[in-house]
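Undergrad: Listed below are the residues making up each chain.
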Amino acid sequence: MSKMLHLINKSPFDRNALDSCLRLAEAGSSVLLYEDGVYAAMRHAASSDAVIKRMKDLKFYVLGADISARGLDDISLIDGIKVVDYGGFVDLVVEHDVAQSWL
Amino acid sequence: MSKMLHLINKSPFDRNALDSCLRLAEAGSSVLLYEDGVYAAMRHAASSDAVIKRMKDLKFYVLGADISARGLDDISLIDGIKVVDYGGFVDLVVEHDVAQSWL
Amino acid sequence: MEPWEEEEGPDVVKRFMYVNRRAPYGTIYALECLEVVLIAAAFDQDVSVVFVDDGVYQLKKNQDTTGIGMKNFSKTYRALDDYDVEKIYVEKESLEKRGLAADDLIIEVEVVAADQLRKIMAQQDVVISS
Amino acid sequence: MEPWEEEEGPDVVKRFMYVNRRAPYGTIYALECLEVVLIAAAFDQDVSVVFVDDGVYQLKKNQDTTGIGMKNFSKTYRALDDYDVEKIYVEKESLEKRGLAADDLIIEVEVVAADQLRKIMAQQDVVISS
Amino acid sequence: MKFGILINEGPFTHQASDSAYRFAVAAIEKGHKVPRVFFYNDGVYNANRLSEPQSDDRNLVALWSELGKANGIDLVVCIAAGLRRGIKEQILQEGFRISGLGQLVEAGIQNDRLVVFGD
Amino acid sequence: MKFGILINEGPFTHQASDSAYRFAVAAIEKGHKVPRVFFYNDGVYNANRLSEPQSDDRNLVALWSELGKANGIDLVVCIAAGLRRGIKEQILQEGFRISGLGQLVEAGIQNDRLVVFGD
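Residue numbers (the working numbering), protein chains in the order written: chain V, 5 to 107; chain E, 5 to 107; chain A, 760 to 889; chain S, 760 to 889; chain C, 3 to 121; chain Y, 3 to 121.
Next comes chain V alone, as it looks inside the complex:
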């Protein structure tokens, strides 16, 4: 079985990309939140529970440059989501067998 990296670049409030990914991501795979997808990494948002619920069997990452761009450095992230830079994005793609973009 391939180890998958799921890429989410859409806001969880506007699009169903995160919902569908959380429904269809196999246990043990990883999710990288970037672009408008980073809003899903915020604690205390209406979307937080859905993410937290799958933290037991999925690993979550978020792109720091997109967090800073959107002024979210002062907002708490959900515990256990790891911040990466573009180099870390590349490393994640290398470490997983397949990258799936939820467009």
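Hints in this document: simulated from the structure, not taken from any laboratory.
Take these hints with a grain of salt, some might be off.
What the hints assert, rightly or not - Far from chain E, some chain V residues (derived; all Cβ distances over 12 Å): (1) K14; (2) D53; (3) L62; (4) G92.
As the list claims (entries may be wrong) - 27 Å max Cα-Cα, derived BS3-like pairs, lysine-lysine: (5) K32(C) x K773(A); (6) K773(A) x K820(A); (7) K856(A) x K846(A); (8) K63(V) x K773(A); (9) K57(E) x K846(S); (10) K856(A) x K773(A); (11) K7(V) x K846(S); (12) K7(V) x K4(Y); (13) K773(S) x K90(Y); (14) K63(E) x K90(C); (15) K71(Y) x K32(Y); (16) K63(V) x K71(Y); (17) K86(V) x K32(Y); (18) K86(V) x K846(S); (19) K57(V) x K851(S); (20) K86(E) x K819(S).
By construction, the Cβ of each residue, glycine as well, lies at the ideal position given by its N, Cα and C atoms.
Guided by the hints, dock chains E, A, S, C and Y onto chain V, whose structure is given.
TA: Chains E, A, S, C and Y only, in chain V's frame:
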């Protein structure tokens, strides 16, 4: 107060346009579903209840050409949604004071 | 002379509302809508700007776009006041859903509940969304 | 000779999955993804096509685009079989949410539940979404 | 009645320009006027005369140009949106002109309705 | 490792091309290869050399062209997607070439990973 025509061209399953419109449309205004918005006119879909709930104080219309294009002629519409053609779309814009597109 | 000039005098004032429902940077709509508002301010019309849904993120403080290589236009919202664009509304429910409050925003705005915003929206002559 | 030809032989077979999550006509993604699949079929690779979320609408029977002036490409899905594209999956939950069933679709597909689809998705080498 | 139309998306990728075109045709058939269509955001791509759809597909660039000519519609491409996207005079379809955002605001002031088509 | 990249959106309207560019730069800095970037859907607009962003804005058309030249990246614009949208040789930025969809499938076959950036 202006009599408003709300224009929805997005699927209720993918975007929040319909939800936000239903939350913010003043009683007495109208909603035209067109393009991918026509999926919200279908009966027996997960989105149907939200539409039905506001049928008591909003009028709903759907663009027939977009229904046929998507092969929905054989699917039941929610009772009380009126089908219009592009001429009817124009008439609705004329009959209301303002058209608001929920992009 | 254009046909409409026969019907309407030059001093008609309409209520224009610009509606922002999308986050900044992920798409260009926030920036290009702001560009319209700045031009619109030069016309003697009644201008309102509304931020609902992900549009409220446009006003988030502390934006720093260095890492994504895009222009940070968030400070331009501060210029709206100089352009006499003073009716700026943010929906309360949209803020709450995103765990944000008024003091997270880069400018002072009028935070309005959905049922108030409904009434404000229903008082416009032209609504431009992007 | 390109650098990769040194490393991989010509007869490597990869599992390609094309994922469709959007309705037809409202956007071009459905059509342009179908165009990729038809080309991909000419390569000797293992091809799967998946329809989830609004993507299931692409396969709805009885599409008639006369009124919107766009090309009806729904019958092209029937050609997939001639191109030996036989692994066509539709998610059960997506159909149900939209009040649709397998016999509403223009071609025969394998309707799979979300937990089966998870496993199918996790067996691919390349995933192309549009 | 006079309609202003604002189109925010290019041809093909979204249905916006198709819907706007059909709306404009229907309005004119009913005796209304469409004094101006303003092309903003990716809408500026509707004016690219190099656009060459497949022979069995509609050609929105040509359709707008012809509708404009036949009905005196002012087809305005936003200069700022067009510059960054590379829609300039040298590839501009006949019948379109390039101008500023003020033309959009004017369309809102001078017409009875402004209808926005986008994503 | 070798990465293929697929870009489905044009510059400006979506962040896709920006993100893909930064991903490609980071990959190259880490010693990986990016043999090919394929531009599909509205992604073909990234190759329009008439694009002229404001002076304080980034110019993705130029950035891709330079990155491609410096690192031998094959920048391929889909011929079918480009034709309908009017992205043709006469306005093609240096460093890009126009070819068929087979080049995308090839990029999937010949690279270790294919990463898709879109809307």
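Undergrad: Compare the structure with each hint and give your call.
TA: Now the hints, each set against the structure:
1. K14: At roughly 10 Å from the nearest Cβ of chain E, K14(V) sits no farther out than 12 Å, so the non-interface label is violated.
2. D53: Given a closest Cβ separation of 18 Å, the condition holds.
3. L62: Given that every Cβ of chain E is farther than 12 Å from that of L62(V), nearest at about 22 Å, it holds.
4. G92: At about 29 Å from chain E, G92(V) clears the 12 Å cut-off, so the statement holds.
5. K32(C) x K773(A): Holds: K32(C) and K773(A) sit about 26 Å apart, inside 27 Å.
6. K773(A) x K820(A): violated (32 Å)
7. K856(A) x K846(A): holds (23 Å)
8. K63(V) x K773(A): violated (52 Å)
9. K57(E) x K846(S): Roughly 40 Å between the alpha carbons, so the hint for K57(E) and K846(S) is violated.
10. K856(A) x K773(A): violated (33 Å)
11. K7(V) x K846(S): Holds: K7(V) and K846(S) sit about 21 Å apart, inside 27 Å.
12. K7(V) x K4(Y): holds (18 Å)
13. K773(S) x K90(Y): Cα-Cα ~32 Å, so violated.
14. K63(E) x K90(C): Given pair K63(E), K90(C) is violated - Cα atoms ~43 Å apart, limit 27 Å.
15. K71(Y) x K32(Y): holds (18 Å)
16. K63(V) x K71(Y): violated (37 Å)
17. K86(V) x K32(Y): holds (20 Å)
18. K86(V) x K846(S): violated (36 Å)
19. K57(V) x K851(S): Holds, at roughly 23 Å.
20. K86(E) x K819(S): Holds, at roughly 22 Å.
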